[in-house]
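K.L.:
Keeping their order, the protein sequence lines are chains W and V.
Going by this note's numbering, the first sequence opens with residue 56, and the numbers climb by one from there.
Going by this note's numbering, the second sequence opens with residue 56, and the numbers climb by one from there.
Hints were generated in silico from the structure; no laboratory data involved.
The reader is advised that the hints may include incorrect statements.
Since the list can't tell identical chains apart, any single copy or any two copies may satisfy a pair.
Derived BS3-like pairs: lysine-lysine, alpha-carbon spacing no greater than 25 Å straight-line [said to hold, decoys possible]:
id, residue 1, residue 2
1, Lys-194, Lys-174
2, Lys-163, Lys-194
3, Lys-194, Lys-114
4, Lys-147, Lys-194
5, Lys-82, Lys-114
6, Lys-162, Lys-194
7, Lys-65, Lys-152
8, Lys-152, Lys-194
9, Lys-194, Lys-60
One-letter residues, chain by chain:
Protein chains: 2
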Amino acid sequence: MIMSKVSFRKIKKSDLNDVFALLNQLKKIDTSDLDLDNSWDQFIQNNSSNSIVGIVDSKIIAHGSIIIENKIRGEVAGHIEDIVVDTEVRGKMIGVKLINELIEIGKKNNCYRITLFCKENLINFYSRSGFKVNSVSMKRYL
Amino acid sequence: MIMSKVSFRKIKKSDLNDVFALLNQLKKIDTSDLDLDNSWDQFIQNNSSNSIVGIVDSKIIAHGSIIIENKIRGEVAGHIEDIVVDTEVRGKMIGVKLINELIEIGKKNNCYRITLFCKENLINFYSRSGFKVNSVSMKRYL
Numbered sequence: 056m057i058m059s060k061v062s063f064r065k066i067k068k069s070d071l072n073d074v075f076a077l078l079n080q081l082k083k084i085d086t087s088d089l090d091l092d093n094s095w096d097q098f099i100q101n102n103s104s105n106s107i108v109g110i111v112d113s114k115i116i117a118h119g120s121i122i123i124e125n126k127i128r129g130e131v132a133g134h135i136e137d138i139v140v141d142t143e144v145r146g147k148m149i150g151v152k153l154i155n156e157l158i159e160i161g162k163k164n165n166c167y168r169i170t171l172f173c174k175e176n177l178i179n180f181y182s183r184s185g186f187k188v189n190s191v192s193m194k195r196y197l
Numbered sequence: 056m057i058m059s060k061v062s063f064r065k066i067k068k069s070d071l072n073d074v075f076a077l078l079n080q081l082k083k084i085d086t087s088d089l090d091l092d093n094s095w096d097q098f099i100q101n102n103s104s105n106s107i108v109g110i111v112d113s114k115i116i117a118h119g120s121i122i123i124e125n126k127i128r129g130e131v132a133g134h135i136e137d138i139v140v141d142t143e144v145r146g147k148m149i150g151v152k153l154i155n156e157l158i159e160i161g162k163k164n165n166c167y168r169i170t171l172f173c174k175e176n177l178i179n180f181y182s183r184s185g186f187k188v189n190s191v192s193m194k195r196y197l
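Just chain W, same shape as in the assembly:
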């Protein structure tokens, strides 16, 4: 299969179901009861979230998000989350391009640094975009 070039754009409300299907490849969440209008409004209202989608042949095949945080001493920091590339198109450098797009958004927002969490098997992948292991991430479910 010859694949067209990937392009990226800001997420639109009409992308939601496609993006949910992609994110379900990472972690299954039942969104069948979700009020799409309401959750979109919540998501957009929280103006610190910037999601983009990757498109190949008019199909959404990737999603990523960068959260922009205004810190108290005037710094701006970015945090990358919810990175997913469709299992059908992995190994084609789409992930690296996606991360680089998010880094550009961070630069435009004057971030001085970008952080992310990942499992150890992804350290090599993120190293390609200039990330270095920094510390431990800890989590508590409520």
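Starting from the known structure of chain W, fit chain V onto it as the hints suggest.
P.N.:
Coordinates of chain V only, in the frame set by chain W:
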């Protein structure tokens, strides 16, 4: 020295210089040229940030922040940052109380989970508040 009980409240603009002095114990940033009005407005406008200060004997001796993120599938997630307890009052469980206050803010905001980054020597400290090591954190400076 007998110390009064610590109390916590939401940060106010007039706390800024005291909080900067505390955060400088973690990482020195020259804020002498910072426009306080402007940086406060930026910080408050980004309504995902929730900072609290800890007070003992009318003095600000601790600061912590929890960033609330509306995720695209309707979940709400919290992220703890900029935790500092004055070196003069360490070892009095103020840090644990501070983290627990931030967890309560996360619960009130319906967070399903809270994350944080830390150095390995702080794993025990955060374990006391129910956090478990989850993954690696990576960072890139821009």
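K.L.:
Okay, which hints does this one fail, numbers in order?
P.N.:
3, 9
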